[in-house]
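Whenever a hint applies, use it, and build me the whole structure from the sequences.
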Amino acid sequence: MILSALGQLRKRFQTKHYQLLFLKKFNNAWKIILANQASEFKEHNKYSVHPLYAFNFRTYHHDMKAPDFSDYRRSSTNNPSKYHKETIDNRQVFTYSIALVKAVGLLYCTKGHVLHYILCLAASKDVLALAKIEIRLADLPEGKNTTFKWRGKPLFVWHRTQADIDKARAVPLTELRHPQTDEQRTKNPKYLVVIGVCTHLGCVPLSPITGDFGGFYCPCHGAHYDSAGRVRKGPAPLNLVVPPHSYPDENTLVVG
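Everything in the sequence shown is counted per UniProt numbering, starting at 1 for the first residue and increasing by one.
Just so you know, the hints here were simulated from the structure itself, not pulled from any lab data.
Quick caveat: nothing in here was measured; it's all calculated off a predicted structure.
Even for Gly, the Cβ is constructed at its ideal location relative to N, Cα and C.
Among the hints, erroneous ones may be present.
[Said to hold, decoys possible] Label-pair distances were calculated between CB atoms; the ranges are:
hint : residue 1 : residue 2 : range
1    : LEU100    : ARG177    : 40 to 46 Å
2    : LEU176    : GLU250    : 29 to 35 Å
3    : LEU176    : TYR117    : 36 to 42 Å
4    : LYS102    : ALA170    : 58 to 64 Å
5    : TYR117    : ASN78     : 48 to 54 Å
6    : LEU176    : ALA138    : 29 to 35 Å
Now the structure itself:
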């Protein structure tokens, strides 16, 4: 490259006054020296030289510094000696957080849509408000079980005798599959109020005193309940369901 440049300069400046003399390096810069033949060389018998052109040839630009982006980098990427896999967790925390927020938002929206369709199929509040029945307790003879219809299901109201009550309360909880005391299942000990649906497969049990434990009996698969409506034998996993009910006065039962 240098010889090519010298050849071009020789053709350009080789006149009757100047002739290329030599090439010398000063302070990391190559300088082309030309001599004046007409005057100084002949009269003083020496060379009078002066630089006309200077060309710098550098293998690298040591006076130019690479830009420093440390202020804009994450702290996890400032160390160039660490491998990519060592800092991937720190670098992707923000990505994981955004993904988590999006997932929570998606689940929340999905829940809203699902509840909207489910509530459309459910009974409205005004229908549920009317789904109450009042029962006159004076019409229920002692020792008899009376069946009513409540919200499309059979409702058993059993006017128990004192012997039925004592028998139910004498059972230890350790013998029960679904432990519940008689006091927990009755608000008035004389009356047992349960939904007449077997907790096994939804069959309707027979009236009391037909089972082995003095209570209800489901002939479909042989589930037996005692006088408190608690499962004692058979495939039924749970006790008969006690619906919400109250006694506004001594002679009235409100279910619902």
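Quick rundown of the hints versus the structure:
| no. | hint | result |
| --- | --- | --- |
| 1 | LEU100 / ARG177: 40 to 46 Å | holds (43 Å) |
| 2 | LEU176 / GLU250: 29 to 35 Å | holds (31 Å) |
| 3 | LEU176 / TYR117: 36 to 42 Å | holds (39 Å) |
| 4 | LYS102 / ALA170: 58 to 64 Å | holds (59 Å) |
| 5 | TYR117 / ASN78: 48 to 54 Å | holds (52 Å) |
| 6 | LEU176 / ALA138: 29 to 35 Å | holds (33 Å) |
Violated hints: none; the structure is consistent with every hint.
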